[in-house]
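Engineer: Spelled out, the chains give:
There are 2 protein chains.
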Amino acid sequence: MSQEVQQPDVSSYMSGARPEGTENYIMQQTMIRVKDPKASLDFYCHVLGFKLLMYKELPQWKFNVYFVAPVDASTIPSDADSRWAMCMSTPGCLELTWNYGTETSEGMVYNTGNADNTGTMDGQKVKGGFGHIGITVPNVYRACERFKEMGVEFHKSPNSGGMKGLAFIKDPDGYLVEVLPQGVMVTEAVDCLGVPAEGGEGYKDNSK
Amino acid sequence: MSQEVQQPDVSSYMSGARPEGTENYIMQQTMIRVKDPKASLDFYCHVLGFKLLMYKELPQWKFNVYFVAPVDASTIPSDADSRWAMCMSTPGCLELTWNYGTETSEGMVYNTGNADNTGTMDGQKVKGGFGHIGITVPNVYRACERFKEMGVEFHKSPNSGGMKGLAFIKDPDGYLVEVLPQGVMVTEAVDCLGVPAEGGEGYKDNSK
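Residue numbers (the numbering used here), protein chains in the order written: chain Z, 1 to 208; chain V, 1 to 208.
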């Protein structure tokens, strides 16, 4: 197909005042379901350095929710009401939902959104809408060396694939976590998995 | 089953220093695929008051990405490098990924994660992992009145269901957006859809 794509004009979305009433809206959360809350909290808090801001145990509905974000623990209030308010004002929290009983299931429980066959009746792949969450870090290569030392599973190391200098790791449920630099994109000669910057063609991106 | 759930002890995740090297990590993005970028940008920018911080057109790979977040447009730098850096330091961005061609598809394209049958070969529901994104607002009832006036589809109005004072609306792809208060939870007598606080039992929550 030689047809050119008509690129939409999006300049109007970058300027102007926010609509009246929306000025203080906060993009506060992304909710994902997790099989085992302990495994997920270990990953997000010990590996990614997030803290548990707030949680709710809801045995009457057989599920709990845990809100995590990369904050300084000393800023988390000790009383429940203040903690709730702080959490609701923190942009970019992850809400981990644990439905009781999933933790004893065999294998993966939830479809991760990225063309996997988990959670389907026929074992066919699903065209999922959710792709990944992403963290930004001061140095992607140093961050990934630490992740490797901690035994984290890589979906894409920094030098694999066509996009150099960014990585994808997997959380305990298989959700993808992108690792991006806070400043300019940089490329180092060799990454934590030994992949040279000139190589890495084996990786095929399925997350777009 | 009368079995009690063993609630995990999570207190250790709330305190202590972040692991060395993770102190500056930012939870920067959540990526979802969208069928039609214009429809999604209209929704996130005009309805939710988000702004387009940064975007990339990648015709060589046949997709574009658009980063939106509820920021003041005057803070978005005009040159591309500064815009990238600003975007990568903004927590809670939404990355909208548009794969060329989906915009002309019939009906829904992507599985939203919430027990729908979109994106499967057999039309069966999928046990999705992704649940929703969520915004917090100064007043849920006022926000929802405005959403209703703008023709937004409600999944749950503030007084529907067991949890009063919070709502779920749908974006153009059917993804759920939770609407929560920034302060304490409040309940008003009647919501924008005319549901009284004492009623609303018809709503069955499938998002947990």
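The set of hints was computed from the structure by calculation and includes no laboratory data. Please read these numbers as outputs of a predicted model, since none were measured by experiment. Misleading hints may appear alongside valid ones.
Just so you know, same-sequence chains aren't split out, so a pair can sit in one copy or run between any two.
[What the hints assert, rightly or not] Derived SDA-like pairs (lysine to any residue); straight-line CA-CA distance at most 20 angstroms:
1. K38 <-> Q182
2. K62 <-> Q7
3. K38 <-> S15
4. K127 <-> M108
5. K56 <-> P8
6. K38 <-> V5
7. K56 <-> Q182
8. K56 <-> M163
9. K127 <-> V109
10. K56 <-> M14
Engineer: Each hint should be assessed against the structure and marked as holding or not.
Structural biologist: Status of the hints after comparison with the structure:
no. : hint          : result
1   : K38 <-> Q182  : neither (29 angstroms within a copy, 28 angstroms between copies)
2   : K62 <-> Q7    : between (47 angstroms within a copy, 11 angstroms between copies)
3   : K38 <-> S15   : between (43 angstroms within a copy, 16 angstroms between copies)
4   : K127 <-> M108 : both (17 angstroms within a copy, 11 angstroms between copies)
5   : K56 <-> P8    : between (43 angstroms within a copy, 12 angstroms between copies)
6   : K38 <-> V5    : between (46 angstroms within a copy, 14 angstroms between copies)
7   : K56 <-> Q182  : between (32 angstroms within a copy, 17 angstroms between copies)
8   : K56 <-> M163  : between (39 angstroms within a copy, 13 angstroms between copies)
9   : K127 <-> V109 : both (17 angstroms within a copy, 8 angstroms between copies)
10  : K56 <-> M14   : between (37 angstroms within a copy, 14 angstroms between copies)
When held up to the earlier numbered hints, the structure conflicts with hint 1 and nothing else.
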